[in-house]
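*Asks:* Take a look at the letters that make up each chain.
Number of protein chains: 2
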Amino acid sequence: MVDQIVSFFKNRIYKGDWLCGDVLPPQRELAKIFNVNRSTIVSALSELSSLGIIEPKVGKGTMIANNSWSFLFTNSPPDWNHYIEHGFHKSNIPTIQAINKYEFIDPIIRLSTGEVSSELMPHDAISKVLFHLAKLQVPFNYLEPLGLYELRVELCKYFKKHNLDIKPSEILIVSGSLQALQLISVSLLGGNSTVFVEENSYIKSLKVFEFSGTRMKAIPMDKEGPIPWMIDEKTLKEGNSILYTIPTFHNPTGLTMGSSRRNELLKWCKKNQLPIIEDDAYRELYFDCPPQNPIKSIDDSGNVLYLGSVSKSLAPGLRIGWIVGPESIINRLGDIKMQTDYGASSVSQWMLTLLLRDHLYEEHLISLRSKLKARSQYMLHLLETYFYDMATWNIPSGGFYIWLKLNKPISTEKLFTTALKENILINPGYIYGFKKSPYIRLSYSYASTKEMETGIKSLSQIIRKMIV
Amino acid sequence: MVDQIVSFFKNRIYKGDWLCGDVLPPQRELAKIFNVNRSTIVSALSELSSLGIIEPKVGKGTMIANNSWSFLFTNSPPDWNHYIEHGFHKSNIPTIQAINKYEFIDPIIRLSTGEVSSELMPHDAISKVLFHLAKLQVPFNYLEPLGLYELRVELCKYFKKHNLDIKPSEILIVSGSLQALQLISVSLLGGNSTVFVEENSYIKSLKVFEFSGTRMKAIPMDKEGPIPWMIDEKTLKEGNSILYTIPTFHNPTGLTMGSSRRNELLKWCKKNQLPIIEDDAYRELYFDCPPQNPIKSIDDSGNVLYLGSVSKSLAPGLRIGWIVGPESIINRLGDIKMQTDYGASSVSQWMLTLLLRDHLYEEHLISLRSKLKARSQYMLHLLETYFYDMATWNIPSGGFYIWLKLNKPISTEKLFTTALKENILINPGYIYGFKKSPYIRLSYSYASTKEMETGIKSLSQIIRKMIV
Chain A
1 MVDQIVSFFK NRIYKGDWLC GDVLPPQREL AKIFNVNRST IVSALSELSS LGIIEPKVGK
61 GTMIANNSWS FLFTNSPPDW NHYIEHGFHK SNIPTIQAIN KYEFIDPIIR LSTGEVSSEL
121 MPHDAISKVL FHLAKLQVPF NYLEPLGLYE LRVELCKYFK KHNLDIKPSE ILIVSGSLQA
181 LQLISVSLLG GNSTVFVEEN SYIKSLKVFE FSGTRMKAIP MDKEGPIPWM IDEKTLKEGN
241 SILYTIPTFH NPTGLTMGSS RRNELLKWCK KNQLPIIEDD AYRELYFDCP PQNPIKSIDD
301 SGNVLYLGSV SKSLAPGLRI GWIVGPESII NRLGDIKMQT DYGASSVSQW MLTLLLRDHL
361 YEEHLISLRS KLKARSQYML HLLETYFYDM ATWNIPSGGF YIWLKLNKPI STEKLFTTAL
421 KENILINPGY IYGFKKSPYI RLSYSYASTK EMETGIKSLS QIIRKMIV
Chain B
1 MVDQIVSFFK NRIYKGDWLC GDVLPPQREL AKIFNVNRST IVSALSELSS LGIIEPKVGK
61 GTMIANNSWS FLFTNSPPDW NHYIEHGFHK SNIPTIQAIN KYEFIDPIIR LSTGEVSSEL
121 MPHDAISKVL FHLAKLQVPF NYLEPLGLYE LRVELCKYFK KHNLDIKPSE ILIVSGSLQA
181 LQLISVSLLG GNSTVFVEEN SYIKSLKVFE FSGTRMKAIP MDKEGPIPWM IDEKTLKEGN
241 SILYTIPTFH NPTGLTMGSS RRNELLKWCK KNQLPIIEDD AYRELYFDCP PQNPIKSIDD
301 SGNVLYLGSV SKSLAPGLRI GWIVGPESII NRLGDIKMQT DYGASSVSQW MLTLLLRDHL
361 YEEHLISLRS KLKARSQYML HLLETYFYDM ATWNIPSGGF YIWLKLNKPI STEKLFTTAL
421 KENILINPGY IYGFKKSPYI RLSYSYASTK EMETGIKSLS QIIRKMIV
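Residue numbers (our numbering), protein chains in the order written: chain A, 1 to 468; chain B, 1 to 468.
What the hints contain is simulated information worked out from the structure, not anything from laboratory work. One or more hints might be untrue.
What the hints assert, rightly or not - Lysine to aspartate or glutamate pairs mimicking DMTMM-like chemistry, simulated, CA-CA at most 25 Å apart:
1) B:Lys217 with A:Asp79
2) B:Lys234 with A:Asp22
3) A:Lys234 with B:Asp165
To be verified - Partial list, computed: chain A residues near chain B (C-beta under 10 Å):
4) Phe104
5) Lys135
6) Tyr286
7) Ala315
8) Thr449
As the list claims (entries may be wrong) - Which residues of chain A face chain B? A few of them, derived with a C-beta cut under 7 Å, are:
9) Gly52
10) Gly59
11) Lys60
12) Ile93
13) Pro94
14) Ser175
15) Gln182
16) Ser301
17) Ser328
18) Met338
19) Val347
20) Ser348
21) Tyr386
22) Phe387
Think of the CB as a built atom: it goes at the ideal place given N, C-alpha and C, for glycine as much as any other residue.
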């Protein structure tokens with residue numbers, strides 16, 4: 001009861017009902033008000049007094065002495081909201097937070113998820129390397145700043161297949177491509193920097209560059225990809241700038257840049273000393289013909305930072321990617337990585353080393369490509385059935401995505417929430433762009449064929465209702 | 001030869017030897033100067049002309065038309081140094097960079113390394129869970145923002161042993177404690193924040209807080225640990241502040257805070273609404289008696305963010321740690337983690353889940369403790385032999401470290417480089433402190449007993465020479 005009385009007092013004072021200097025009724029009256037013995041009131045007043053909340057006023061009894069938060073609520077937590085609001089790094093936008101959350105809630109159908117489903121993963125190959133690793137008994141110590149040397153050697157061999165001649169000292173192992181971008185952002189860019197990106201870009205859905213205070217500017221595009229000479233040269237000169245592109249099976253549009261545009265882009269950027277981040281996460285996911293060589297393969301002046309990853313082509317849970325670039329940059333990024341998390345998981349790094357060394361990764365890719373192609377064809381078939389009169393879309397030749405453009409303008413924000421109520425999760429185009437967008441990113445990599453059918457059908461019905 | 005002439009021209013122009021508007025000698029003369037055929041000169045001039053570097057001047061021959069960097073060196077890389085210098089995140093100090101580098105160069109003896117050597121790792125237990133995982137064939141997809149649910153459930157059970165009653169929703173899985181600090185720094189602190197730290201602290205060797213523009217302030221210490229009421233209250237009110245402490249087997253001093261100081265510290269911080277980061281990475285590494293309960297166990301108001309990790313007690317290469325705190329904070333940190341690297345390695349998270357579930361971690365700790373105790377005794381024996389008249393040190397009751405204080409002042413910067421020349425790597429005290437330091441952090445967790453003997457002996461000889 002003492003506690004309740006103390007807490008009643010605190011609340012009245014906190015709310016401002018009782019003010020500093022106000023005199024309390026005599027103990028006998030308080031005992032009546034609370035319907036308790038006088039000794040209970042004495043205990044409560046004694047505690048309030050020890051907290052400095054009340055004190056005796058000569059000749060007048062007891063008065064309220066303090067109404068500050070810290071006196072009243074010493075048991076209250078720190079004002080955490082204030083910390084959250086004033087933290088340096090901004091929150092994800094609500095749509096992204098919702099996507100990150102609902103992806104893990106059954107029975108959601110994930111129509112846009114940018115990862116392979118479990119059935120596309122090479123479980124036997126992974127088991128094989130886990131067995132192998134169990135026998136090897138390598139110690140899982142901290143690794144050197146650039147990452148496991150054995151892995152970097154295997155990657156050099158692997159890069160040769162893509163016309164890239166790279167040394168282990170030019171590779172930094174990272175925990176996925178997103179971390180690569182984070183490291184580049186905080187290590188090489190600053191408050192006065194501009195990142196030029198395709199006018200629809202995966203990167204726009206992230207806060208990774210905004211973090212370091214950097215601006216993002218859209219580059220106008222044509223069918224060949226971003227048009228370098230449309231870049232505003234004035235902006236270019238204002239601070240350290242960089243260009244970010246996904247030239248191969250672009251996220252979210254699915255497009256691949258032709259080889260003449262690759263040449264032009266590099267030439268223009270070289271002339272203007274504008275470094276390029278080439279994000280090549282989807283390269284291996286072609287259906288029939290291998291795509292154009294990486295821009296990095298024609299980079300004779302260290303202009304390109306080349307990013308890769310096995311998150312899309314093997315299993316994202318390994319959290320392994322890489323940055324290829326000039327040694328001075330790789331060392332700088334490695335130093336910052338050491339300050340960030342002391343390196344990527346050694347277990348994951350060893351697993352990928354063995355998958356590459358034993359050609360298990362290559363074997364897996366052959367089967368993955370044909371499965372992805374079949375899935376893309378199935379989704380295209382569903383679109384032709386349910387969306388033939390409502391939208392247009394690209395025919396992908398690799399990667400994960402179909403970039404669906406709705407013929408009639410509807411609120412894709414509303415579509416997102418309405419679909420979610422029907423357990424369908426989609427990535428609306430506006431999270432990737434600089435303006436309102438009639439687009440939806442669809443992915444055929446995650447949902448099962450049954451889910452695709454249910455999902456695409458329901459989605460078409462929802463949209464049909466919205467455009468009436 | 002054409003290339004060489006072109007490059008000769010470019011360099012003279014770049015250096016300012018030849019200025020814009022200067023007229024070139026006639027082709028015949030140039031041919032003589034370079035001792036080549038006139039056709040070679042014609043080719044070289046044609047290339048320079050196509051680059052826009054020279055152009056014809058009516059009636060006067062050919063003149064230098066352009067001397068800007070981008071015209072002269074279209075093949076040159078971007079000015080990467082400028083990017084490095086203006087990047088947002090500061091480099092490690094040279095001593096730390098050297099430590100990170102030399103740790104991987106044979107035949108260095110690592111006398112200060114803060115990790116367990118391979119012989120202290122539970123290779124059989126790790127093999128067991130790798131086999132188990134190979135059979136389970138769990139898909140390694142992206143995980144939900146807070147990390148693998150199964151792991152968080154196992155951790156809740158584990159925490160009970162330390163008097164902590166935690167829910168899975170109050171835990172964020174991170175890639176080691178360093179990342180925990182990084183996330184707290186960028187998510188909750190800002191340019192006006194102060195981090196209070198013990199006057200010697202592991203954290204001082206990192207840039208993790210400075211990154212978000214936050215200041216670090218030392219808290220005076222006595223034998224019981226940091227003295228909270230010595231904290232400057234004015235600083236406290238200036239912005240979001242936080243207190244960072246390693247109360248158990250402190251890095252680098254080896255000290256453990258007694259239970260009355262733990263109580264006082266929490267009480268003071270609660271009163272002042274100052275959140276505490278309790279870094280408890282060394283808790284399990286006691287020699288005889290378990291240490292005091294965590295401060296978190298007496299935290300009834302969500303005042304403490306509690307950090308743990310298996311990097312010190314199992315294998316750092318897993319890169320797995322955790323943050324325990326109020327749900328709102330954990331969700332905020334999880335959102336930022338998703339923007340940083342999309343989560344820690346799923347493989348590592350599954351491995352730790354199985355190690356905890358099958359009690360393999362507990363079993364390993366029993367053997368690790370006795371091995372560490374024996375190693376600490378051996379190092380103490382070596383110190384008594386070689387340093388008895390030159391230094392004083394603590395007798396550790398757990399953890400990794402001996403904090404050696406040299407009796408006579410010498411330059412520990414010089415000691416660091418001199419020892420390195422003799423292949424001995426030490427962590428000098430100044431990397432952990434706010435002022436010059438007569439201390440060296442020694443660790444008995446990494447070097448073999450033979451290396452310890454050679455290393456400690458050589459180190460004593462080097463110091464003996466320096467104090468003469």
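*Asks:* Each hint needs a verdict: does it hold in this structure or not?
*Replies:* Comparing the hints with the structure gives:
1. B:Lys217 with A:Asp79: Distance of about 21 Å is within 25 Å: holds.
2. B:Lys234 with A:Asp22: 29 Å, violated
3. A:Lys234 with B:Asp165: 58 Å, violated
4. Phe104: 4 Å, holds
5. Lys135: It holds, given that the least Cβ distance between Lys135 of chain A and chain B is near 7 Å, below 10 Å.
6. Tyr286: Given a least distance of 23 Å, the restraint on Tyr286 of chain A is violated.
7. Ala315: 4 Å, holds
8. Thr449: 18 Å, violated
9. Gly52: At 10 Å from the nearest chain B Cβ, Gly52 of chain A fails the 7 Å test, so the hint is violated.
10. Gly59: Given a least distance of 31 Å, the restraint on Gly59 of chain A is violated.
11. Lys60: Check failed: Cβ of Lys60 of chain A comes no nearer than 28 Å to chain B, outside 7 Å.
12. Ile93: Since chain B brings no Cβ nearer than about 11 Å to Ile93 of chain A, farther than 7 Å, the hint is violated.
13. Pro94: 11 Å, violated
14. Ser175: 5 Å, holds
15. Gln182: 6 Å, holds
16. Ser301: 5 Å, holds
17. Ser328: Since the shortest Cβ distance to chain B is 6 Å, the answer is holds.
18. Met338: At 6 Å from the nearest chain B Cβ, Met338 of chain A passes the 7 Å test, so the hint holds.
19. Val347: Result: holds, 5 Å to nearest chain B Cβ.
20. Ser348: 5 Å, holds
21. Tyr386: Violated - the Cβ of Tyr386 of chain A stays beyond 7 Å from chain B, reaching only about 28 Å at its closest.
22. Phe387: 28 Å, violated
Violated hints, listed in ascending order, are 2, 3, 6, 8, 9, 10, 11, 12, 13, 21 and 22; each of the other numbered hints is respected by the structure.
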